[in-house]
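First to last, the protein sequences are chains A and B.
Sequential numbering of the first sequence, starting at 0, is according to numbering that gives the first Met the number 0.
Sequential numbering of the second sequence, starting at 0, is according to numbering that gives the first Met the number 0.
Don't read these hints as lab results, they were simulated from the structure.
No residue lacks a Cβ here, since even glycine has one placed at the ideal position from N, Cα and C.
There could be a bad hint or two in this list.
As the list claims (entries may be wrong) - The calculated lysine-lysine pairs, modelled on DSS-like cross-linking and capped at a C-alpha distance of 27 Å, are:
1) A:Lys4 x A:Lys19
2) A:Lys19 x B:Lys114
3) B:Lys110 x A:Lys34
Said to hold, decoys possible - To spell it out: a stretch of chain B is covered by chain A in this simulated footprint if at least three of its residues, at any positions, have a beta carbon under 8 Å from a beta carbon of chain A; those stretches are:
4) 107–115
5) 142–153
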Amino acid sequence: MYKVKVLIKRRQSILDPQGKAAEQGAKLLGYNNIKEVRIDKQVEFVIDVLDEQAAEIEAKEFCSKLLSNPIMEDFEFSLVKINGN
Amino acid sequence: MAIKFGVVVFPGSNCDQDAYYSLKKILGYQVEYLWHKNHSLNNSDVVILPGGFSYGDYIRTGAVAKLSPIMNEVKEFAERGGIVIGICNGFQILCESGLLPGVLLKNINLKFVCKDVYLTAVNTSSIFSQNINRSLLIPVAHGEGNYFCDDVTLSDLKKNNQIIFKYSSKDGDVDNSSNPNGSMENIAGIMNRKGNVFGMMPHPERVCNPLLGNSDGKLVFESIYKSLIK
Numbered sequence: 000m001y002k003v004k005v006l007i008k009r010r011q012s013i014l015d016p017q018g019k020a021a022e023q024g025a026k027l028l029g030y031n032n033i034k035e036v037r038i039d040k041q042v043e044f045v046i047d048v049l050d051e052q053a054a055e056i057e058a059k060e061f062c063s064k065l066l067s068n069p070i071m072e073d074f075e076f077s078l079v080k081i082n083g084n
Numbered sequence: 000m001a002i003k004f005g006v007v008v009f010p011g012s013n014c015d016q017d018a019y020y021s022l023k024k025i026l027g028y029q030v031e032y033l034w035h036k037n038h039s040l041n042n043s044d045v046v047i048l049p050g051g052f053s054y055g056d057y058i059r060t061g062a063v064a065k066l067s068p069i070m071n072e073v074k075e076f077a078e079r080g081g082i083v084i085g086i087c088n089g090f091q092i093l094c095e096s097g098l099l100p101g102v103l104l105k106n107i108n109l110k111f112v113c114k115d116v117y118l119t120a121v122n123t124s125s126i127f128s129q130n131i132n133r134s135l136l137i138p139v140a141h142g143e144g145n146y147f148c149d150d151v152t153l154s155d156l157k158k159n160n161q162i163i164f165k166y167s168s169k170d171g172d173v174d175n176s177s178n179p180n181g182s183m184e185n186i187a188g189i190m191n192r193k194g195n196v197f198g199m200m201p202h203p204e205r206v207c208n209p210l211l212g213n214s215d216g217k218l219v220f221e222s223i224y225k226s227l228i229k
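With the hints as constraints, model all of the structure from the sequences given.
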């Protein structure tokens with residue numbers, strides 16, 4: 000069994016209005032040095048298979064078919080073997 | 000033969016009834032609902048993916064709805080040249096499913112925008128916009144309507160005349176002040192290259208009944224109907 004952690008990041012070229020709003024909030028708090036805030040998504044799940052390569056293929060397909068949209072996002076993920084099967 | 004419209008109902012659709020009502024009661028067309036778990040379009044000539052918040056807009060707007068069983072039939076229908084229209088969330092679903100290029104990002108000001116806007120048809124010969132030679136007043140109601148695509152796609156859209164509606168002033172000026180959501184080049188609606196799949200963020204189905212004081216939305220549906228009975 001593998002624990003998967005996915006980070007889905009909006010492309011740098013695409014404006015992140017939530018990041019901009021957070022940046023404005025930082026300014027309102029007086030943190031004038033904070034810049035380039037980007038708000039990304041992290042998704043975690045478990046894949047119940049024995050083979051690491053099979054887990055990797057399945058995780059990659061899940062990320063590209065549903066969790067991210069290639070027009071605006073990139074993703075990266077890590078696999079960690081956990082107890083179980 | 001009567002032209003039949005099919006309105007797909009996803010969990011979380013909320014403009015399905017507006018579309019059904021306007022098509023049936025105001026325009027007098029034949030229409031039926033199509034449950035998203037169905038595997039048939041019941042011989043519809045035009046399929047409408049309505050507005051709403053399918054699957055709660057989770058992950059991304061339209062991301063889960065594109066996987067609903069009926070979407071296989073919708074894709075096959077579109078490939079055969081069938082007419083598919085996505086309104087608001089329906090437009091988002093069409094982009095997510097790859098039937099239309101691009102994506103609808105969060106509105107640039109992060110606000111849910113709900114108001115009447117003017118649209119100008121920049122292509123007046125498509126199935127969806129025939130003879131629409133004046134600006135239309137149509138409501139928008141969305142949080143993610145900021146159309147975006149890469150530069151190559153944008154130049155293709157222009158080259159192939161795929162941009163149908165742009166946000167404009169009443170007089171048809173396409174400028175920043177008329178853009179409600181930050182959409183690239185004020186894009187409000189586009190079609191695919193073949194010209195049979197169309198998506199728009201504004202809601203024509205909400206402004207068909209003259210009792211509401213505005214029936215500009217009828218022009219879009221009438222355009223489609225006329226193209227089919229020719």
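Quick rundown of the hints versus the structure:
no. : hint               : in the structure
1   : A:Lys4 x A:Lys19   : holds (25 Å)
2   : A:Lys19 x B:Lys114 : holds (24 Å)
3   : B:Lys110 x A:Lys34 : holds (22 Å)
4   : 107–115            : holds (count 3)
5   : 142–153            : holds (count 3)
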